[in-house]
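With the hints as your guide, set chain B onto chain A.
From first to last, the protein sequence lines stand for chains A and B.
By our numbering, the letter at position 121 of the first sequence is numbered 244, and the numbering carries on one by one without gaps.
By our numbering, the letter at position 94 of the second sequence is numbered 217, and the numbering carries on one by one without gaps.
In short, the hints are calculated from the structure, not lab data.
In this text, all values refer to a predicted model and were calculated from it rather than measured experimentally.
Hints may be right or wrong, so weigh each one.
The list makes no distinction among identical chains, and a pair is therefore deemed to hold if it is satisfied within one copy or across any two copies.
[As the list claims (entries may be wrong)] Using 25 Å as the maximum straight-line C-alpha spacing, the simulated SDA-like pairs for lysine to any residue come out as follows:
1) 270 to 281
2) 143 to 294
3) 162 to 152
4) 263 to 141
5) 143 to 276
2 protein chains.
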Amino acid sequence: MRKVILGVAISLDSFIEGSKGEYDWCFTDQDYGLSDFLKRVDTMFLGRKTYELTLTMAANGDSGFPNLKEYIFSNTLNKVKEGATLIKGDIKTEVEKIKEEKGKDIWLFGGAGLTTSLLNLGLVDELSLAVHPVLLGSGKPLFSNIKDRINLTLVDTKTFSTGLVSLTYTLET
Amino acid sequence: MRKVILGVAISLDSFIEGSKGEYDWCFTDQDYGLSDFLKRVDTMFLGRKTYELTLTMAANGDSGFPNLKEYIFSNTLNKVKEGATLIKGDIKTEVEKIKEEKGKDIWLFGGAGLTTSLLNLGLVDELSLAVHPVLLGSGKPLFSNIKDRINLTLVDTKTFSTGLVSLTYTLET
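Here chain A stands alone, though its shape is the one from the complex (with noise of 0.2 Å):
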């Protein structure tokens, strides 16, 4: 079955985003291994809200992940891009019907609500977290009210000569 993986930025202390929603103090100097991530998988689950923020992205000029199906995850929204697919209402019974199909592994990029939706749900496989060295002290935590206590099993660590340190883990399901 294909696996969901939860691949983000974080700082320290757990934000995706700073109180502004800045993201300036995340590295582009380097690839940080995700060349190597984007050739496990094919497919990406957005929420609405990261959803918007790739589409003035790519309005400003920056091309995003090409190849990539992509899935968005909305209640209010009626229509998305053409080619990706809107998911709305029963999210487990879709994400199950998805995660059976044929394919690769599909990279849950965000943000926090679908991130806790997919993890009380019990269908997120592993987390690839690239943690910053930097305290932002304030902004979106990835991780918000998370129901129950997750036990997770370290899979790989990589360290940076930037002090990015990556993160993997798997999850008891």
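Chain B alone, transformed into the frame defined by chain A:
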């Protein structure tokens, strides 16, 4: 000058205790570098709640950490146990004075309130975090109410077979 080192166990979602005050998730099966750490320090900083927790533990037969000079930070306590020193009022002046004194480094053991105060005053020199492979979901966050972004320099990482990752950072002060 003596360094103030924040040395604590945290969950991957940056909690130092669960929502019911529980710390049963903290690994105790091996040393995890504590013996080496204790050689570096001769003094401990504790907030009131953490101090009271250590008193309860001592009453239950846990002898705690011997041979460390203890400073208890509290504006509500009027006295502390024999041998310990109560700090109230102008934390900055008091801590700067202690850091100027001869001696080994100082273990900032917590809790969250004292940690926040000392981080915001720029009085913490190093973070040594034992990141446990668990998402607690809720509880007491280690980092809260930090005013400004704090850049860190990663100086050491250690990965243990149990999945605990020890991360050490210095603060850019």
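- Checking against the hints above, which ones are violated? Hint check: 1 fails alone, others pass.
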